Amino acid sequence: MWAMAMKEFRQMRRDRRTLAMMILLPVLLLVVFGYAASFDVDRVKTVVVGPQAEQAAAALPDRLDVIRTAPGEGRRDAVEALRDAEAAVAIVTGDGQPQVLVDGADLFSARSVVTELRGRPELPAPQVLFNPGLETSAIMVPGLMGVVLVFVGTIATALGVVRERQSGTLEQLAVMPFRARDVLVGKLLPYLGVAVVDLAVIVAVGVLLFNVPFAGSPLVFALGALLFLFVTVGIGVLISTVSETQGQAIQLAIMTMLPQILLSGLIFPLQAMAAGVRWIGYLLPLTYFVQVARGVMVRGAPFEALVFPLAMLAVLGAVVFGLSVARFRRDLAPAGRRHDPGQAGDAGQDETAPARAGAR
Amino acid sequence: MSPPAPAPLASAAGATRRFGELTVVDGVDLTVAAGEVVGLIGANGAGKTTLIRMLLGLLAPTAGQVRLFGEPPSRRTRARLGYVPQSLGLYEDLTVAENLAFSTAAYGSSDAVLEGELAEARDTLIRDLPLGLRRRAAFAIALGHHPDLLVLDEPTSGVDPLQRARLWETIRASAEEGAGVLVTTHHLGEAEQCDRLVVLAAGRVAAAGTMAEVVGDTTAVEIRTPSWEAAFTALDLARLPVSLVGRTLRVPGANPASVARLLAEAGVDADVAPVPASFEETFVVLAA
Amino acid sequence: MTGPENRLWGCRGLRVRYGGTVALDDVTFEVAAGSVAAVVGGDGAGKTTLVRALAGTVRPAAGTVRRPDRRRLGYVSAGPGVWADLTVDENLSFAGRAYGLSADQLEVRVGALLERTGLAAARDRLVARLSGGMRQKLALAMAVAHEPELLLLDEPTTGVDPVSRAELWRLLASAAADGAAVVVATTYLDEAERAASVLVLDRGRALLAGTPDEVLAATPGLVVEGPARPDGVPSWRRGARWRAWSADGSTPPGTSPVSLDLEDAAIVAQLRQDQPRAA
Numbered sequence: 001m002w003a004m005a006m007k008e009f010r011q012m013r014r015d016r017r018t019l020a021m022m023i024l025l026p027v028l029l030l031v032v033f034g035y036a037a038s039f040d041v042d043r044v045k046t047v048v049v050g051p052q053a054e055q056a057a058a059a060l061p062d063r064l065d066v067i068r069t070a071p072g073e074g075r076r077d078a079v080e081a082l083r084d085a086e087a088a089v090a091i092v093t094g095d096g097q098p099q100v101l102v103d104g105a106d107l108f109s110a111r112s113v114v115t116e117l118r119g120r121p122e123l124p125a126p127q128v129l130f131n132p133g134l135e136t137s138a139i140m141v142p143g144l145m146g147v148v149l150v151f152v153g154t155i156a157t158a159l160g161v162v163r164e165r166q167s168g169t170l171e172q173l174a175v176m177p178f179r180a181r182d183v184l185v186g187k188l189l190p191y192l193g194v195a196v197v198d199l200a201v202i203v204a205v206g207v208l209l210f211n212v213p214f215a216g217s218p219l220v221f222a223l224g225a226l227l228f229l230f231v232t233v234g235i236g237v238l239i240s241t242v243s244e245t246q247g248q249a250i251q252l253a254i255m256t257m258l259p260q261i262l263l264s265g266l267i268f269p270l271q272a273m274a275a276g277v278r279w280i281g282y283l284l285p286l287t288y289f290v291q292v293a294r295g296v297m298v299r300g301a302p303f304e305a306l307v308f309p310l311a312m313l314a315v316l317g318a319v320v321f322g323l324s325v326a327r328f329r330r331d332l333a334p335a336g337r338r339h340d341p342g343q344a345g346d347a348g349q350d351e352t353a354p355a356r357a358g359a360r
Numbered sequence: 001m002s003p004p005a006p007a008p009l010a011s012a013a014g015a016t017r018r019f020g021e022l023t024v025v026d027g028v029d030l031t032v033a034a035g036e037v038v039g040l041i042g043a044n045g046a047g048k049t050t051l052i053r054m055l056l057g058l059l060a061p062t063a064g065q066v067r068l069f070g071e072p073p074s075r076r077t078r079a080r081l082g083y084v085p086q087s088l089g090l091y092e093d094l095t096v097a098e099n100l101a102f103s104t105a106a107y108g109s110s111d112a113v114l115e116g117e118l119a120e121a122r123d124t125l126i127r128d129l130p131l132g133l134r135r136r137a138a139f140a141i142a143l144g145h146h147p148d149l150l151v152l153d154e155p156t157s158g159v160d161p162l163q164r165a166r167l168w169e170t171i172r173a174s175a176e177e178g179a180g181v182l183v184t185t186h187h188l189g190e191a192e193q194c195d196r197l198v199v200l201a202a203g204r205v206a207a208a209g210t211m212a213e214v215v216g217d218t219t220a221v222e223i224r225t226p227s228w229e230a231a232f233t234a235l236d237l238a239r240l241p242v243s244l245v246g247r248t249l250r251v252p253g254a255n256p257a258s259v260a261r262l263l264a265e266a267g268v269d270a271d272v273a274p275v276p277a278s279f280e281e282t283f284v285v286l287a288a
Numbered sequence: 001m002t003g004p005e006n007r008l009w010g011c012r013g014l015r016v017r018y019g020g021t022v023a024l025d026d027v028t029f030e031v032a033a034g035s036v037a038a039v040v041g042g043d044g045a046g047k048t049t050l051v052r053a054l055a056g057t058v059r060p061a062a063g064t065v066r067r068p069d070r071r072r073l074g075y076v077s078a079g080p081g082v083w084a085d086l087t088v089d090e091n092l093s094f095a096g097r098a099y100g101l102s103a104d105q106l107e108v109r110v111g112a113l114l115e116r117t118g119l120a121a122a123r124d125r126l127v128a129r130l131s132g133g134m135r136q137k138l139a140l141a142m143a144v145a146h147e148p149e150l151l152l153l154d155e156p157t158t159g160v161d162p163v164s165r166a167e168l169w170r171l172l173a174s175a176a177a178d179g180a181a182v183v184v185a186t187t188y189l190d191e192a193e194r195a196a197s198v199l200v201l202d203r204g205r206a207l208l209a210g211t212p213d214e215v216l217a218a219t220p221g222l223v224v225e226g227p228a229r230p231d232g233v234p235s236w237r238r239g240a241r242w243r244a245w246s247a248d249g250s251t252p253p254g255t256s257p258v259s260l261d262l263e264d265a266a267i268v269a270q271l272r273q274d275q276p277r278a279a
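The listed protein sequences correspond, in order, to chains A, B and C. Numbered according to the working numbering, the first sequence spans residues 1 to 360. Numbered according to the working numbering, the second sequence spans residues 1 to 288. Numbered according to the working numbering, the third sequence spans residues 1 to 279.
Just so you know, the hints here were simulated from the structure itself, not pulled from any lab data. As the structure is a prediction and not an experimental result, all values here were calculated from the model. Virtual Cβ for every residue (Gly too), placed ideally from N, Cα, C. Treat each hint with caution, since some may be false.
[Said to hold, decoys possible] Far from chain B, by Cβ distances over 10 Å, these chain C residues were calculated:
#1 T21
#2 E30
#3 L101
#4 T251
[Said to hold, decoys possible] List of simulated lysine to aspartate or glutamate pairs, EDC-like, C-alpha gap at most 20 Å:
#5 A/K7 to B/E92
#6 A/K187 to C/E90
#7 A/K7 to B/D123
#8 A/K7 to B/D128
#9 A/K187 to A/D198
#10 A/K187 to A/D331
#11 A/K187 to C/D85
#12 A/K187 to A/E164
#13 A/K7 to B/E177
#14 A/K187 to A/E244
#15 A/K7 to B/D93
Model the full assembly from the supplied sequences, consistent with the hints where possible.
Encoded structure:
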């Protein structure tokens with residue numbers, strides 16, 4: 001029995017990926033639960049409009065962090081500010097009682113504001129826009145769509161390509177008259193198709209069954225989903241180019257998915273995370289998709305308001321997908337990693353006889 | 001007068017194994033005695049692997065008897081057995097020395113000697129060793145606990161002739177020291193190295209004995225002709241198992257007169273003559 | 001089908017490196033249409049590298065390679081390169097379509113190939129459920145679906161049962177009869193004896209080359225055999241007897257000369273290679 005344990009220990013010591021997982025995973029979880037896992041939003045971005053903006057701003061509780069006062073603007077502008085996620089709370093001053101507008105899509109900020117104001121009867125009661133019931137499902141379902149796209153994009157894609165490598169058929173493909181592009185796109189299309197169907201189903205279920213709103217433009221949503229898929233599929237292909245077996249691919253896929261699920265603002269709001277950890281969220285593609293999904297579905301935000309997250313997805317997509325295609329091409333094409341360029345003056349030549357006329 | 005034959009180390013008598021409706025091994029008789037090398041040959045699906053697994057005690061026979069060292073295979077007799085599967089049974093992510101350590105601990109002791117190149121490679125991961133060295137390592141480790149019976153599955157597949165000869169020296173040396181060796185093989189060259197052969201086809205023993213006995217008087221028809229392509233096509237079309245050897249054609253187990261007639265009908269001018277069949281050709285005829 | 005044309009494929013002065021290791025060094029090799037050439041060597045000799053270089057999946061560091069366009073080339077990788085989670089028919093159809101066969105051509109060709117390789121009964125079976133020999137036959141069928149001019153096979157018979165092996169060689173011969181140039185990498189010298197020309201590789205270099213007869217004739221000294229290990233000469237086991245190589249042509253005591261085969265020639269070449277140079 002000890003012989004067995006000893007052997008296993010030696011093997012484990014050499015398996016770097018599993019070791020990495022066993023060390024990194026607890027570290028990740030510690031970081032998350034130590035610094036990121038919180039539903040308490042301490043400072044809520046606030047915009048104050050209307051003629052008495054300055055005075056109102058001064059009188060607000062600390063929790064409301066005034067980022068802008070605009071005496072010249074009115075209620076419409078305040079609502080837009082919330083819709084565009086510029087702030088989570090907007091105070092509209094004017095004749096009579098000031099109005100307190102709260103963005104229901106920013107669920108935890110909204111809840112903390114509502115709770116605070118309940119204990120301050122001298123301040124007006126808040127009006128919750130966009131998700132008046134403060135339903136968790138309204139914001140979770142859009143986020144979950146992102147998770148599904150991450151699954152299909154990353155894991156399914158990685159496995160699909162690694163399976164080819166593992167079974168030795170990748171070499172066969174390299175010899176057939178395919179271009180690298182044919183192989184890659186041909187391989188990815190079914191997964192993209194499935195992802196789109198998955199997405200449609202979840203949207204339908206969310207809207208019809210869970211009463212999740214779909215206030216904004218489906219086109220903008222589709223754009224966001226497509227860009228996000230680019231990124232996740234790109235990550236999947238990248239993973240496949242550095243994995244020899246399906247097991248390794250899954251390990252890597254898990255290591256890229258878990259931080260995204262935990263730190264992208266999907267579950268724990270970004271504002272509640274310690275600043276030292278929050279920046280990680282801004283590097284993750286899922287963060288931006290969640291912003292787009294929630295913005296479009298719950299707030300009805302227009303394209304202009306979502307330019308930043310969409311652009312981030314586009315950039316990430318271009319970088320990751322571009323990198324993965326370059327690596328994949330190397331695996332498939334003759335001038336691949338087996339090429340030693342250090343033979344000055346000795347460059348090999350390939351004489352390829354042209355195909356005979358009248359091909360069969 | 002020769003002394004009475006010692007009890008065989010491994011034996012199967014009427015061994016049969018069924019999986020549901022399928023009979024994979026059908027009434028097979030086989031013995032392996034001390035000091036001899038027995039070759040088990042068969043096409044895929046002939047039941048070789050299943051028979052081996054029965055002898056090793058991994059599978060119980062549905063009918064018939066299987067004995068290992070005189071008793072039904074059990075954990076107790078495992079220590080006297082050395083088994084090297086085709087995949088070598090080595091851990092790729094451990095070094096030679098570590099694999100040896102594991103085997104030593106499992107069997108309680110080991111006199112395995114790592115010599116020459118193998119000694120130099122003792123701290124190399126198995127995965128980084130070429131096939132020839134891997135096989136040598138697998139053998140050395142298996143022989144380390146002095147098994148009385150060696151069961152080797154395709155011991156030299158994929159290895160060059162010189163290394164193959166060297167590996168066989170090791171195998172024969174063990175036989176000379178008294179071990180019994182059962183080897184499965186697909187290959188003519190290895191069959192040559194065995195004292196006795198057992199040929200399996202469709203779960204049954206199709207032939208047994210020395211190579212000469214197995215080949216017996218099986219013949220093949222040799223065809224010499226300048227237009228081998230035409231002759232080949234004609235015979236292939238007639239569904240004869242024709243093979244190309246250099247520039248001559250051979251058809252095992254065929255009737256020279258029929259072959260000559262076929263070729264004449266196809267308009268091919270050729271010399272047709274019966275020749276003794278090779279072992280492989282015999283096998284093709286037996287398996288048909 | 002047009003008749004075999006006199007095209008020569010192969011390589012000249014080929015050198016291939018993998019990172020810092022030289023896998024092939026100055027290898028020259030030729031195969032003509034309508035013939036079968038064998039490349040022999042043990043594990044690590046460079047057979048797979050040579051086949052890959054001929055197929056174009058590996059770039060040479062030096063030397064030239066002559067091969068037809070990808071669409072006129074057929075390749076069976078050691079492995080083999082078949083898709084286990086598809087059926088026999090699906091694999092064949094994929095290969096056919098990849099090489100540009102039309103739907104009609106495909107139907108005819110697939111049917112013919114299945115008959116020829118004896119896989120017709122297994123047409124709708126998942127490849128994962130096929131035996132090793134049947135998989136190799138499928139891979140071969142896929143590689144000849146488009147009637148290539150050059151057919152390359154990497155160890156198609158290693159670990160394959162003798163019946164399937166004979167059938168595979170019959171299929172190779174028929175491909176050659178149809179005009180293809182066929183190159184087979186193998187560790188089995190008895191197979192090499194069947195080929196029209198042989199190249200024996202050892203650690204990336206060519207040890208022997210030519211027709212089997214030329215190779216045998218070019219072996220210096222004498223090969224002898226006897227019942228026991230002879231003294232003073234390099235020797236090796238063959239069956240229950242021993243063989244040895246006498247460089248000076250003399251017959252050591254207890255042995256008698258034997259007419260050598262390709263396996264002996266390869267072993268002798270290896271021994272000469274490993275011998276330190278005589279003073």
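Item to complete: Output the numbers, in ascending order, of every earlier hint that fails for this structure.
Response: Violated: hint 13 alone.
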